[in-house]
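S.K.: Sequence:
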Amino acid sequence: MSIGRAATGSRGQSPVVGFALLLAVVAVTVIVVAAIGGSALSTTQSQLETERSARAMTQLDSQAELVALGGSNVQSVTLQRAGRGTYEVDETAGWMRVSYENTTAGTQTTVFNETMGAFVYDGAESRVAYQGGGVWRLSGDGRAEMVSPPEISYRNATLTVPLVTVSGADSIDGRAVVRHDGTTRHYPTATATNPLDDGAVTVTVQSEYYRAWGEYFETRTSGDVTYDHANGRVTLLLTVPTDRPR
Numbered sequence: 091m092s093i094g095r096a097a098t099g100s101r102g103q104s105p106v107v108g109f110a111l112l113l114a115v116v117a118v119t120v121i122v123v124a125a126i127g128g129s130a131l132s133t134t135q136s137q138l139e140t141e142r143s144a145r146a147m148t149q150l151d152s153q154a155e156l157v158a159l160g161g162s163n164v165q166s167v168t169l170q171r172a173g174r175g176t177y178e179v180d181e182t183a184g185w186m187r188v189s190y191e192n193t194t195a196g197t198q199t200t201v202f203n204e205t206m207g208a209f210v211y212d213g214a215e216s217r218v219a220y221q222g223g224g225v226w227r228l229s230g231d232g233r234a235e236m237v238s239p240p241e242i243s244y245r246n247a248t249l250t251v252p253l254v255t256v257s258g259a260d261s262i263d264g265r266a267v268v269r270h271d272g273t274t275r276h277y278p279t280a281t282a283t284n285p286l287d288d289g290a291v292t293v294t295v296q297s298e299y300y301r302a303w304g305e306y307f308e309t310r311t312s313g314d315v316t317y318d319h320a321n322g323r324v325t326l327l328l329t330v331p332t333d334r335p336r
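Position 181 (the sequence shown) corresponds to 271 in this note's numbering; numbering is contiguous.
Be aware that one or more of the hints could be misleading.
Said to hold, decoys possible - For each label pair, taking beta carbons as the anchor points, the in silico distance ranges come out as:
| no. | residue 1 | residue 2 | range |
| --- | --- | --- | --- |
| 1 | Gln198 | Ala110 | 16 to 24 angstroms |
| 2 | Arg265 | Gly232 | 30 to 38 angstroms |
| 3 | Asp212 | Ser166 | 20 to 28 angstroms |
| 4 | Thr200 | Arg265 | 34 to 42 angstroms |
| 5 | Glu204 | Thr281 | 17 to 25 angstroms |
| 6 | Leu159 | Thr279 | 14 to 22 angstroms |
| 7 | Ser166 | Thr273 | 18 to 26 angstroms |
| 8 | Ser166 | Thr197 | 17 to 25 angstroms |
| 9 | Thr274 | Leu327 | 20 to 28 angstroms |
| 10 | Val123 | Thr194 | 45 to 53 angstroms |
If you're looking for bench data, these hints aren't it; they were derived computationally from the structure.
None of these values were measured; they are calculated from a predicted model.
All residues carry an ideal CB built from backbone N, CA and C; glycine is no exception.
Could you put the whole structure together from the sequences, leaning on the hints where they help?
M.R.: Take a look at the structure:
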């Protein structure tokens, strides 16, 4: 197993002040299906493939966000491509696990552990995917980058995980419809409450875009980020109490 660790930023010389952590985890499932009567996709110059597919995925990201966050029950988006690439839903693509370790009680709880799924454009030289509420691109040389960020956020010692999972038809052509298919609140609940005063919260993502997920965690949180390259995983560790809210 190959494990890598990303260095965190300087903590400075000021006195350490402890902050309790607030955790919110909500899973929203959206279904992506082909629109009835959708027009056929045109074939144009292949060099436009990545740009067009990324724009289409970003638009789908915006529409899916409206559906996932309750702004609309149904949204549709036109899918443009160049070359011979295809759009499809991969219901088994990647997973996310959120867990909390209470060091005082000596217990560890899995808050959420689910397959994310992805809506993927598979092109000749790259792959672009909507996964976990963000848009990601994987180039032919294996380099992963974020096109549009996921909804996961860390601000003022509050970790919010509104994870969007994807299911639907295998192959989609022309126009896609995104609709809401259920929401589950995993934290807080009647028996699991905020704030978290001690211990650690971990968020682990397994994905072919895991490096880009890791870069997002590095830049948007103050936690420690480790990479498991052999298994395509990245883990964010937030220790409670945290000393640097963002």
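S.K.: Could you run down the list of hints and mark each one as holding or not?
M.R.: We went through each hint and held it up to the structure:
Between Gln198 and Ala110 the Cβ separation comes to about 19 angstroms, which falls inside the hinted range of 16 to 24 angstroms. Checking the proposed 30 to 38 angstroms range against Arg265 and Gly232 shows it holds: the Cβ atoms sit about 31 angstroms from each other. For Asp212 paired with Ser166, a C-beta distance near 21 angstroms keeps the hint of 20 to 28 angstroms intact. Separated by about 38 angstroms at the C-beta atoms, Thr200 and Arg265 satisfy the suggested range of 34 to 42 angstroms.
A beta carbon spacing of about 20 angstroms between Glu204 and Thr281 agrees with the range 17 to 25 angstroms that was offered as a hint. Under the hint 14 to 22 angstroms, the C-beta atoms of Leu159 and Thr279, about 20 angstroms apart, fit the expected range. Between Ser166 and Thr273, the C-beta spacing of about 21 angstroms keeps the proposed range 18 to 26 angstroms intact. In this structure the hint that Ser166 and Thr197 lie 17 to 25 angstroms apart at CB is violated, the actual value being about 45 angstroms.
Separated by about 24 angstroms at the C-beta atoms, Thr274 and Leu327 satisfy the suggested range of 20 to 28 angstroms. For the pair Val123 and Thr194, the beta carbons lie near 47 angstroms from each other, so the given range of 45 to 53 angstroms is met.
Of the numbered hints given earlier, the model fails hint 8 alone.
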